[in-house]
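Asker: Model the placement of chain B on the given structure of chain A, informed by the hints.
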Amino acid sequence: MLMISPRMASGTQEKQYNPSLLNFFIYNPKFGPREGEEEKKILFYHPSEVEKNEKIRNVGLCEAIVQFTRTFCPTKPAKSLHTQKNRQFFHEPEENFWMVMVVRNPMIEKPNKDGKPPTVEYQEEEILDSVYGAVLQQCYSMYKLFNGTFNRAMEAGGVELLTQKLEKFFYRYLQTLHLQTCDLLDVFGGISFFPLDKMTYLKIQSFVNRVEESLSLVKYTAFLYNDQLIWSGLEQEDMRILYKYLTTSLFPRHSEPELAGRDSPLRPEVTGNLLHYGRFLTGPTNLKDPDAKFRFPRIFVNTEDSYEELHLIVYKAMSAAVCFMISASVELGREFCEQLDGLVGPQLTLLASDICEQYNINRRLSGPEKEPQFKFIYFNHMNLAEKSTIHMRKTVSVSLTSVHPDLMKILGDINCDFARVDEDEEIIVKAMTDYWVVGKKSDQRELYVILNQKNANLIEVNEEVKRLCATQFNNIFFLD
Amino acid sequence: MTEEYYLELSENPVQFESASSVNNVFFDEANKQVFAVRSGGATGVVVKGPDDKCSVAFRMDDKGEVKCIKFSLGNKILAVQRTPKSVDFINFIPDYPHMEYSHECKTKNACVLGFCWTNWNEIVFITDQGIEFYQVLPDKRTLKLLKSQSINVNWYMYCPETTVLLLSTTVQGNVLQPFIFKNGTMSKMSKFEIELPMVPKPAKLSLSERDIAMATIYGQLYVMYLKHHSRTVNSPGAEVVLYHLPREGPCKKAHVLKLNTTGKFALNVVDNLVVVHHQSTQTSLIFDIKLREPDCAVNIHQPVLPARSIHPYRIPLTGPAVAPSQAPVPCELYSSTWSVFQPDIIISASEGYLWYLQVKLRPMLTLLPDKGKLMDFLLRRRDCKMVILSVCSQMLVGGDKGALPVVAVVFDKLNQVYKEYLEAEQAYTVAMESAPSRSSSAHKRPVRTQAVIDQSDMYTHVLSSFTEKKDVSHKFIIAVLMEYIRSLNQFQITVQHYLYELVIKTLVQHNLFYMLHQFLQYHVLSDSKPLACLLLSLESTYPPAHQLSLDMLKRLSTANDEIVEVLLSKQQVLGALRFVRSVGAHDNVSARKFLDAAQQTSDPMLFYTIFRFFEQRNLRLRGNPNFNPGEHCEEHVAYFKQTFGEQALMRPASV
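Residue numbers (UniProt numbering), protein chains in the order written: chain A, 1 to 480; chain B, 1 to 655.
With the rest of the complex left out, here is chain A:
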């Protein structure tokens, strides 16, 4: 399939407005079925200062849309509603609990000469359902990770508790949503795996098994290096959201003081006669502090079956971070933390330097020229492995991409096409200027490549992508 992308809008003196969050609310239509009780349906509403009747009206509208569209397809209720000014996304994560996110379309403000108010042009088609639908689902997953399901909160403390929890969580969480930088990676919600040789990997396995044996309280362990996953004892879906939390929230928060230098906590600890660099990213910041707090965030995993509530201990030494998860029913105190620090700190320090050394050897072996000159995104639905040479470092505030948003949108479009069919397919798009965008889908894998070659033709582009596959993905079954 060959498509020509739409022209880039550009002009002087124009003001571009990014997509932004207008409303975000959660309701349950069963909570106020009778007239006059509609307010009871609303469990959370952002922004909270919106007038009560407007809240009720908006919720009512959503309810109506969902009800109405359900008649056409009872199994697949409406996912989004497109209007000129904004787009609404619906999500029913638990039965009768609806989450709605209203995003204002990006717009361009054009000044008018003779003092008239500027004309506003909404770009209705610029945002993708798949991207923001995924963002909405992520909101729920993140809430669930730290709070458990809506239903459990209802069982424990009724509507009152649930609304409290929602208020507490989303008040802060919504501020961290950066809707303007959401893209294909949000659709994938993938995990970046750290490339590692077998022997070092086995050493990590051995380390994890030993720690779990000597600290029998530890139920699950996850091991990361350079913000990339190496081992997860958690199931895939739980790891996916935990990984998201770690890499977009916890790690960036801690890396910034490190980068700041002088006052960094990176001074080696001495346990016994072993020097180590281990420290807690959650829980106590300084074990020596007599007033140190030993409270850890709690997370909820396996909510489908065993429904476990766990303490989340994140411990880091140099670039290696380990998550230890312990049943929340256990009280954790200074003694345990000191034991963990003494046991894990020296071993992890050693392991981290081992990994670093091995990684450098491997990199030297593969040679610097082999560093990809291609810009690509790879995703495997089977293990959620993602790899992107388009995205730069993730920080708390933004994830930076090195390509034009328009190209990112093309990637999103191709992804939507892929999602529609099961068959393997390949799409090549000629974008503006000299860019070519190639999307390939083979079984459960997707690959998106952006090429910038002057006067290249379709055959050359095809050859180029083949070469990329042969060098970067020669160890997996990827159909040409």
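To be clear, the hints were calculated from the coordinates, so they are not data collected in a lab. Among the hints, a few may not be true.
[To be verified] Ranges between beta-carbon positions, derived for each pair:
#, chain 1, residue 1, chain 2, residue 2, range
1, A, Asn151, B, Glu501, 40 to 46 angstroms
2, B, Pro306, A, Ser353, 39 to 45 angstroms
3, B, Ser569, A, Asn360, 41 to 47 angstroms
4, B, His586, A, Asn302, 43 to 49 angstroms
5, B, Cys533, A, Ser353, 48 to 54 angstroms
Small disclaimer: the values here were computed from a predicted structure and weren't measured. Ideal placement from N, C-alpha and C gives every residue a C-beta, glycine not left out.
Answerer: Just chain B now, kept in the frame of chain A:
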């Protein structure tokens, strides 16, 4: 309690007539023969060896009291010493004159202390003034002097294994002069001095032959000196000092074994272990000179295990007079009538028994709690395999369960030995390939000792039953398997696929598919066709196994046929064809196979595409789009005609 005895006497001792006033008993260490000489030989000499072949009975004239009697190697010539000056010989070779002949030592006024056979026809006389090395000429019934050496000798000791003769010289007797005999030559080795606990004044003979023994330990000859506790020096007890006696170069004091007690001792060497018997406590200690004590200075050794008695022994009553119900008589252990010979012989002359001392490894399991040390110890023993395997089994289950670091240490020790063997084997193969005929004798095929525990041993005796244990947590099972795989990898040993299958089986049993996925992702479970097939079979319970399997087949690069089969079975006909084309095999594949698969999808357009592809292939290869009869595609052609009409068939290119 019986599990506590780690030493025992051999079950089938050599029996001989016990010593008495009319029956003298001699033991020859070289041939390990016991001589029972009745009435100076007149009423018979019975020789009993370790097996019946070495047993002989004969008579000889009583020409006076026998002081020493020994056969040469292979029972060819008998030498008997009856006087202080001469040795008598009797040929035992058929067709040779049987008459005794005698030889007097050549040194005047010398006194023969004894003699040793160094070969079937070579003998050394040891006199108080030196040694005389002779060749015996049985046909001529004479001896020919090969070499002699004059030196003052207090006493001598001979090690038949290494043909080394040790002479005690000087007034105190503590300067030892070794000689080595080989093919008719005699060479002097460098002499050495034994440090005495105290120097007597005036000087007198202070080193007794009772306190010296020679034995080979780990292939090296050692002179063992039993250094008694001296009251003047503040030492806690007696010790055994081992002097290493190399073929060339000076003798060095190499090891000190601490006995931590005093009294009468006797030494044996069994399975490269030094066994020290202590008479007053009726116990024995064992030492392994290769076992290093971490809290000890180098080469000072403590006993490996606590002192224990030899396993109680009952003498079975035999003979026609014995009723079957009569219980065997317990035998007195550590009796004062016992004589101990090197390396592992204990003789009770009064009871008429010769035993071999044996080490039992099984009791060590409970006596040596440190598993790493235990493994070091066991790996150096002769019959260690089954014991090592049961140590492995034990450390994985029950109350004796070891922690993972211990398990890891044990696996590493096993694989170290395993790897060394594999390397030696490989070096041998390479050497044989590069120079097969010439140097076949130069390269000796490496011996596989029992200490080589390979993957199949571990699988059969330890791991496969361990993974089926219900009372062990699956977490521990997987950790152990991964630890074993880690250890193999660390020693760069190729892991056999049945170990991977065990890992997969265990993971699947506990629904730990995501864990399995991660292992495969990092290639911890190495690629192989059997593994890929196993993964395929898991697809129904874990769909991603399909992708994992295909990836593996692709990496193997020898499994293209399998990939096609997998894709066709999933009705991915087009994908299969594209794959075949990408590997350049599209001219050779069977058209029928693809057309069958396409027809099964009931997708006419797909069938059309596939059919067309092969028509074009026919055209390209043979200049004609029609299928050959040999391709058996008649029914597909008929189906094509029926679906798309006759005119849809490709027409042969008109010339």
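Asker: Now tell me if each hint is right for this structure.
Answerer: How the hints compare with the structure:
1. Asn151(A) with Glu501(B): 40 to 46 angstroms: holds (42 angstroms)
2. Pro306(B) with Ser353(A): 39 to 45 angstroms: Because 43 angstroms falls inside the window, the suggested range holds.
3. Ser569(B) with Asn360(A): 41 to 47 angstroms: holds (44 angstroms)
4. His586(B) with Asn302(A): 43 to 49 angstroms: holds (48 angstroms)
5. Cys533(B) with Ser353(A): 48 to 54 angstroms: Since Cys533(B) and Ser353(A) have Cβ atoms about 40 angstroms apart, the given range 48 to 54 angstroms is violated.
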